[in-house]
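Use these hints to put chain U onto chain L, whose structure you have.
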Amino acid sequence: MLQYYFKLSLKNISRQKGLSVLISTTLGLGIAACMITYSLIHLMSKDPLPNKSERVFHIQFDNWQLGLAAIAPDLPPDEVTWRDAMNIVHAKQAKYQAANAITWGMVTPADKNIPPFLGIIRATHGEFFPMFKVPFLYGQGWQNFPANNVEYVTVLSKSTNKRIFGGLNSVGQTLPMLGKLFTVVGVLDDWHPSPKFFDMSFGAFYQPEDIYLPLQIKSELELPHGGNLNCWETNIADDYQAILNSECVNLNLWVELPSAQNKQQYENFLKAYVEQQKALGRFPKAINNQLLDINQWLAHKEVVSADMYVFFYLALLFLLVCLFNAASLMSTKFTAKNSEVALRRALGANQQSIFAQCLTETSILGGLGALIGLVLCIFGLQGITYLYPNFSAFVSLDMTLMLITVCISLVSSILAGLIPIIKVCRLAPASYLK
Amino acid sequence: MITKVKKYISQLPFARIAYRPMFSTLLRQKYAMTVLILQIALTLAVISNGLFIASQRLDILQRTSGIDENNTFVLTSSGFTENFDPKTSMQTDLAEFRQMPTIIDAVATYSFPFSGSSEWDDLRTLLGNEQNSVPASSYKLDEHGINALGLSLIAGENFSPSEVLWQTESNKTIPNVVIITTSVAEGLFHTQDWSSLVGKTIFINEAHSAIIKGIVLQLQAPWDPVGQIENSIIYPRVVTRNSARYLIRTKPAMLQSTIAEVERHLGMSNQQRMIRKVQTIQTLRKEVYGPDIAAITILLVVITTLSIIAAMGIGGITSFNVLQRHKQIGIRRALGANKIDILSQFFAENIMQTSAGIFIGCIFAVGLNMFLVAQYALPKLPFIYIIFAALCLYVLGILATLKPALRAMNVSPAEATRSQ
Chain L
68 MLQYYFKLSL KNISRQKGLS VLISTTLGLG IAACMITYSL IHLMSKDPLP NKSERVFHIQ
128 FDNWQLGLAA IAPDLPPDEV TWRDAMNIVH AKQAKYQAAN AITWGMVTPA DKNIPPFLGI
188 IRATHGEFFP MFKVPFLYGQ GWQNFPANNV EYVTVLSKST NKRIFGGLNS VGQTLPMLGK
248 LFTVVGVLDD WHPSPKFFDM SFGAFYQPED IYLPLQIKSE LELPHGGNLN CWETNIADDY
308 QAILNSECVN LNLWVELPSA QNKQQYENFL KAYVEQQKAL GRFPKAINNQ LLDINQWLAH
368 KEVVSADMYV FFYLALLFLL VCLFNAASLM STKFTAKNSE VALRRALGAN QQSIFAQCLT
428 ETSILGGLGA LIGLVLCIFG LQGITYLYPN FSAFVSLDMT LMLITVCISL VSSILAGLIP
488 IIKVCRLAPA SYLK
Chain U
3 MITKVKKYIS QLPFARIAYR PMFSTLLRQK YAMTVLILQI ALTLAVISNG LFIASQRLDI
63 LQRTSGIDEN NTFVLTSSGF TENFDPKTSM QTDLAEFRQM PTIIDAVATY SFPFSGSSEW
123 DDLRTLLGNE QNSVPASSYK LDEHGINALG LSLIAGENFS PSEVLWQTES NKTIPNVVII
183 TTSVAEGLFH TQDWSSLVGK TIFINEAHSA IIKGIVLQLQ APWDPVGQIE NSIIYPRVVT
243 RNSARYLIRT KPAMLQSTIA EVERHLGMSN QQRMIRKVQT IQTLRKEVYG PDIAAITILL
303 VVITTLSIIA AMGIGGITSF NVLQRHKQIG IRRALGANKI DILSQFFAEN IMQTSAGIFI
363 GCIFAVGLNM FLVAQYALPK LPFIYIIFAA LCLYVLGILA TLKPALRAMN VSPAEATRSQ
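Protein chains in written order, with the numbering used here: chain L, 68 to 501; chain U, 3 to 422.
Only chain L is shown next, with the shape it has when bound in the complex:
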C-alpha cells in the first residue's frame, strides 16, 4: 500500500513540478538558515576537554586596588600575578597545576638553509600538557621545575618541527633560539583547541603557538609579556624583575583536581593563601577568588558572542515564515487536488487512506526540502568561514547536525501540510464529481 502511495505521490509531484519545487525550496531555505546559525553556536560552545572539563579550573584572585575594579562591576582580573602563579603552582595542592603566558623571540636554527624566524611561544609549567591532554607525536613534555632550577627544554608544534627538522623525530636534538641552546623533548601532533580556552587574550579562536618553553625561562631570559598585561600600581620600577614582583597580572593559572568534589577543599586552600598574603600587606580588597571550571570560564568570557544568538533567533523566525509559506502553498496544492481526491473517495478509498497518501506526499516534499537545506547549509557554512576567517578551524557539518536537519525538515513539512490535508480528507466528494 505504501508503495502505491509513494508512486501516486511522485506522480502528483511531477505533475505540479513548479509548486512542489517551491514548497521544498521554501522549507530548505528556512531549515538552512536555522541550522547554519545553530551549528555555529553548537560548535563554538563545544566542550574543548570532554570528560574532564568539570575538574579543570581557572583561578582568579582580586589583587586590585581598594575602590577600583579590575573588570566592571567588581570582578577579579582574568589573569594572576607572577608571584601568585608561582606560589600556587609550587604549593602543589592539586593533581596538576600550571600557569602559562604568551611571549615571543627569535628562533635561529643551526641549519643555515632555514631562515631565522620570530617564534610565537607559550611559556608554561610542564603539567600544562597532561592537564589539557595535549597530543604528542614524539617524546613528551617536562615536569614542573622547582623555582630556581630550570632546564632549557622545549616542545615544538607539529608545523614548527616540520619547518626546522623536516617533520622527523627531533627529540634529543638541540635548537638555538633566544640566544641559548634548547633541547627538544617533545613534538606535538595537530592540536588546535577551539575555543582556545587556556588563554583567550588574542581571541577565543586564535591559532596555537609554535613553541612551548618552561615558564621560568621567561623570567631568566626576560622575554616580553604577551597577551594582557594589566597593572594598577603607578610607580613600578623600570627593570624586568620589578614587573614580576608587582601586582601586574599576566598569567593564566589552571589546576586540575582529582574530582569535582575536591573543589570546596581547594577553595579553602585558596582562601587561606589570600589571607596569608593579606597578612603580608597585599590584597587590599575583600577576598574575591574565582574558581571556574572550563565551561563556566567559557560562559564568563562570552565565547559565543551575542551576535550569534541574535542571528539564531532571527533564523528561527525566518523558519517560521517559511513554514507558514509552505503551509499556504500546500493548501493551494491540495485544493487543486480536490476533484482527484473526490474521485478516489467515490471509488472506495476511505479518509484514512487519503490521509496516508497525502502525508506520504508531504513527507517526500520534506525530504526534498532536507536535501536542499543540506546543500544550502554546506554553502552557508562556507560563506561563514569566509566572513569569519578565525572560525575555519572548527566549522564543519557533522553527522548529528545533518540528522537534526533531516528531522526538522520532515517535521516541518508535516506541520505545514497537516491542516490542508485534514481539510482535503473531510470534503464531501459529491460536489466535485459533477
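Don't read these hints as lab results, they were simulated from the structure.
Just so you know, not all the hints are guaranteed correct.
The calculated lysine to aspartate or glutamate pairs, modelled on EDC-like cross-linking and capped at a C-alpha distance of 20 Å, are [said to hold, decoys possible]:
hint, chain 1, residue 1, chain 2, residue 2
1, L, Lys247, U, Glu84
2, L, Lys179, U, Glu84
3, U, Lys174, U, Glu121
4, U, Lys174, L, Asp277
5, L, Lys229, L, Asp277
6, U, Lys174, L, Glu289
7, L, Lys368, U, Glu84
8, U, Lys288, L, Asp374
As the structure is a computational prediction, the values presented were derived from the model and not from experiment.
Leaving out everything else, chain U in the frame of chain L:
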C-alpha cells in the same frame, strides 16, 4: 460643486469596490488568510529588527579613524643578530623612507588605529580629583608622526625635534609636552575653544604633569576596551627595540608600488634583520571590523531572502484566488464591471491583507525587540524602522499581486457562461 466632487470620487476605481462582499470572501478562506497574515507579520518583525541592527553596524563601519587610511601601510623590521643596533637601524630606515619620492612621511610606532594594542593612560586637570578623570590611549610618535598619520592639527603646534625622547623599552620617562585629540580636550576642559587650551597643564596617571602643545581634530584609539574610541594622547617619544614597526604614508595611488619598492629596498639594506607583517591599513581595518561586516552581510541576506519568500507567498495565494474565482470574475465582468474594477479589487484585497499583517507585525516587532533588549542589551527599536519595513511590505505585496491581478483583469465576460 460638492456634488460634482462626490460624483467624481465615486467614479474612481477604489471607491467603486464593494468592500463588504470582498471582506466576507476573505473571511471565508480563514486558514489561508491566517497563514498569510502571520507570515507578513513575522516578516515585518524580522525586517524591522534586522535593518535596525544592520544600520547600527553600518554606523560603526562608517566612522573615520582620523588617519589617511587609503594610502598608508605598516611593516615590521626584526633584528635578530647579537650586534644589531636598533636605534641606528631605525634612524637609517626612517631617513631613507622620508626621502623616497613616493612617500609623504614615515614614523616608527606600534600604535596606530586598527593595530589592536596600546596602553591607556588616565588624564586629569587637577591632582587627586577623582571626578575629572579621562581615559586616553597613548601614542608615542616623533615630530613626523602627525604628517605620517595624516592628522589635522587644529590648534597649537607640532612637536619640535628637540622635544622627542628616544627611549629604550624599560625607560618610562614621560615627556613634558603632549598633543591631545579634541575629544580628550572636551572631556577634560568642557570647552570647544581649542586655542585657549594650548599651554594648559594636565596630569598623567596621577604622577606626571605635561603641557598641551597642540590639539588634533581626530585620532582613534588602536583598540577600545573602555568605549572611548576617540580619546588619544600623543607623546613625543620613540621606543627603540629590535623589532620596529614602521607606518608609511604614500602619495595617492602610489600605495602598491611603494610597498614593493620599500620591501625590495629593506631586503637589501641590512642583512641583520628580517621584514615581516607588511599590511595595509585597509586590510587591518577589514580584520578589525570583520565581525560587523559579517553581521551586516548575514542580516542583509536574511532580509532579502525573507522578502522574496514573503512576496512568493502573497503572489501564490493571489494566483490561486484568481484561478478559483475565474467564474465570479466572468460574471462580474458580464454584469458591467470594467477591467480596472477587477484589478483594483485584487489590489484592495492585497492592501487589506498586508495592513492586517502589519498591524499584528508591529506587536511582533516590538516584542522581538524587547526580548533582544532584555537578553543582549540591544538598543530600543526606533519606530521609523517599523514604518520603513511596513512600506517595503506594501510595495512588495503590490508587486507580487501585479501578475495574477493582470491575469484576472483579462478574464473574458464569456467565462460567466461556462460551467466550472
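Against the structure, the hints come out as follows:
no.	hint	result
1	L:Lys247 x U:Glu84	12 Å, holds
2	L:Lys179 x U:Glu84	16 Å, holds
3	U:Lys174 x U:Glu121	12 Å, holds
4	U:Lys174 x L:Asp277	31 Å, violated
5	L:Lys229 x L:Asp277	11 Å, holds
6	U:Lys174 x L:Glu289	17 Å, holds
7	L:Lys368 x U:Glu84	41 Å, violated
8	U:Lys288 x L:Asp374	18 Å, holds
Checked against the numbered hints given earlier, this structure breaks hints 4, 7; the rest are met.
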